[in-house]
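J.: Fit chain B to the supplied structure of chain A, relying on the hints for placement.
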Amino acid sequence: SAVISQKPSRDICQRGTSLTIQCQVDSQVTMMFWYRQQPGQSLTLIATANQGSEATYESGFVIDKFPISRPNLTFSTLTVSNMSPEDSSIYLCSVARGVTEAFFGQGTRLTVV
Amino acid sequence: GQQLNQSPQSMFIQEGEDVSMNCTSSSIFNTWLWYKQDPGEGPVLLIALYKAGELTSNGRLTAQFGITRKDSFLNISASIPSDVGIYFCAGLGGSQGNLIFGKGTKLSVKP
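In order, the protein sequence lines correspond to chains A and B. According to this note's numbering, the first sequence holds residues -18 to 94 in order. According to this note's numbering, the second sequence holds residues -1 to 109 in order.
Just so you know, the hints here were simulated from the structure itself, not pulled from any lab data. Mixed in with the good hints, there may be bad ones.
Here are the computed lysine-lysine pairs in the BS3-like style, where the Cα-Cα straight-line distance is at most 27 Å [as the list claims (entries may be wrong)]:
hint, chain 1, residue 1, chain 2, residue 2
1, A, Lys46, A, Lys(-12)
2, B, Lys49, B, Lys68
3, A, Lys46, B, Lys101
4, A, Lys(-12), B, Lys68
5, B, Lys68, B, Lys104
6, B, Lys49, B, Lys101
The following block holds chain A by itself, in its conformation from the complex (with noise of 0.2 Å):
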């Protein structure tokens, strides 16, 4: 299995901040995707993270509010902007191999005052 790393792992923030979540992999992976697990539900994709193009969106989630950065085989970041309390939540980075498996970091839990 894949070794992500995620930092930071906890933050406390004012709203109207932006915060800035790193995930660095262990090996070269193609496919790396950003998920967002709201209180007491389950996980949701907000991108892909494409590495030299920009991030694929799902529905509902726009690059203003969620930059992505992808800049090598083994890192990317997730930019939760101008931040409002329902921002509260989970935010996990995932790692794919191939079409057979996916693997999790521990996740950063934001916490928006």
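T.: Below, chain B alone, put in the same frame as chain A:
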């Protein structure tokens, strides 16, 4: 869009009992994955299913992929307190590697 229906939503069982949970879908998935999530952690992959009808075990866990590729079950035998957590089924249907998740089954085990 694609959805996975997972049941039951929660279970309260006695230590030593067997557990069964399942997922159904209106769409076909190429790969079906079962995850466990502990509080404050990301989901951890338990079992991956690739072939229709496939039955796979991982210790006390057994999962099967339905013949139609639209359903799967996960069984846990002889439950122990560390089995507590939320179990998610997830379908890997597209070519990109992104997952569609069920809503989860929260398992509580009484010692």
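J.: For a C-alpha distance cap of 27 Å, please report whether Lys46 of chain A and Lys(-12) of chain A respect it.
T.: Roughly 19 Å separates the two Cα atoms, so the pair holds.
J.: Measure nothing beyond the straight line between the CA atoms of Lys49 of chain B and Lys68 of chain B; if it is 27 Å or shorter, mark the hint as holding.
T.: 12 Å, holds
J.: Holds or violated: are the alpha carbons of Lys46 of chain A and Lys101 of chain B at most 27 Å from each other?
T.: Satisfied, since the Cα-Cα distance of roughly 25 Å is no more than 27 Å.
J.: Would the pair Lys49 of chain B and Lys101 of chain B pass a check requiring their Cα atoms to be no farther apart than 27 Å?
T.: Status holds; Cα separation ~23 Å.
J.: Is Lys(-12) of chain A within 27 Å of Lys68 of chain B, Cα to Cα?
T.: 36 Å, violated
J.: Taking 27 Å as the top limit, are the C-alpha atoms of Lys68 of chain B and Lys104 of chain B close enough?
T.: 22 Å, holds
In the structure shown, a violation is registered for the earlier hint numbered 4 alone.
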